[in-house]
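Student: Sequence:
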Amino acid sequence: MEYIRITRDNIDAEHVCCAMSGKQALAKKEWLKRRFDEGLIFYRSVERGKCFIEYIPAENAWVPIQADGYLYIDCLWVAGSMKGHGYSNDLLRGCVRGAKEQGRKSTAFH
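The sequence shown begins at 8 in this note's numbering and counts up one residue at a time.
Please note that the accuracy of each hint is not assured.
Stated by the list, open to error - With a cut-off of at most 27 Å between alpha-carbon atoms, the simulated DSSO-like pairs for lysine-lysine come out as follows: (1) K57 with K90; (2) K40 with K57; (3) K30 with K107; (4) K40 with K30; (5) K90 with K35; (6) K36 with K57; (7) K57 with K35; (8) K112 with K30; (9) K90 with K36; (10) K30 with K57.
As the list claims (entries may be wrong) - Ranges between beta-carbon positions, derived for each pair: (11) W69 with E21: 34 to 40 Å; (12) Q31 with K107: 15 to 21 Å; (13) S88 with K35: 32 to 38 Å; (14) G29 with G76: 17 to 23 Å.
Treat the hints as calculated values from the structure; they're not laboratory data.
Using N, Cα and C, we set each Cβ at its ideal position, and we do this for glycine too.
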């Protein structure tokens, strides 16, 4: 499976969530844009809306957790038709690799 990293530069042209459209999707994109400055990482499969992961340094998580030094996974999604092919493992391995590259301890899940 190929994955696309969603960034501030390409977010307006990319689909970001399988369950949102219209005004909801636009609001989500604006919210994501603000999170990129806080270290948000968003990977999505090239298959639109089928699987994705969003994670951020836990110090910047939008939930009340104490997990300094960790990455916080806000969302990991694999659509039903994509389950059982190892795509969630791909996305999680990428997140763990990112945590190590950033000198983080590991990941914290929501």
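Student: Given the proposed pairing of K40 with K57, does the C-alpha separation stay at or below 27 Å?
Tutor: holds (21 Å)
Student: Does the structure keep K40 and K30 at a Cα separation of 27 Å or less?
Tutor: holds (15 Å)
Student: Take a look at whether the Cβ-Cβ distance between Q31 and K107 falls inside 15 to 21 Å.
Tutor: This hint is violated: roughly 34 Å between Cβ atoms.
Student: Within 27 Å, alpha carbon to alpha carbon, are K90 and K35?
Tutor: Holds - the C-alpha atoms of K35 and K90 are around 25 Å apart, at most 27 Å.
Student: Given a hinted range of 17 to 23 Å, is it respected by the beta-carbon distance of G29 and G76?
Tutor: Violated, at about 38 Å.
Student: Are K30 and K107 close enough, with their CA atoms no more than 27 Å apart?
Tutor: violated (36 Å)
Student: Using the C-beta atoms of W69 and E21, is the stated range 34 to 40 Å upheld?
Tutor: violated (21 Å)
Student: Under the criterion that the straight-line Cα-Cα distance not exceed 27 Å, is the pair K90, K36 satisfied?
Tutor: Roughly 26 Å separates the two Cα atoms, so the pair holds.
Student: For a C-alpha distance cap of 27 Å, please report whether K57 and K90 respect it.
Tutor: Holds, at about 10 Å.
Student: Checking one constraint from the list: CA of K36 to CA of K57, max 27 Å. Satisfied?
Tutor: holds (17 Å)
Student: Regarding S88 and K35, is the given constraint of 32 to 38 Å on their beta-carbon distance met?
Tutor: violated (22 Å)
Student: Would the hint linking K57 and K35 be met if the CA-CA limit is 27 Å?
Tutor: Given that 27 Å is the threshold and the Cα spacing comes to 17 Å, the pair holds.
Of the numbered hints stated above, those contradicted by the structure are hints 3, 8, 11, 12, 13, 14, listed in ascending order.
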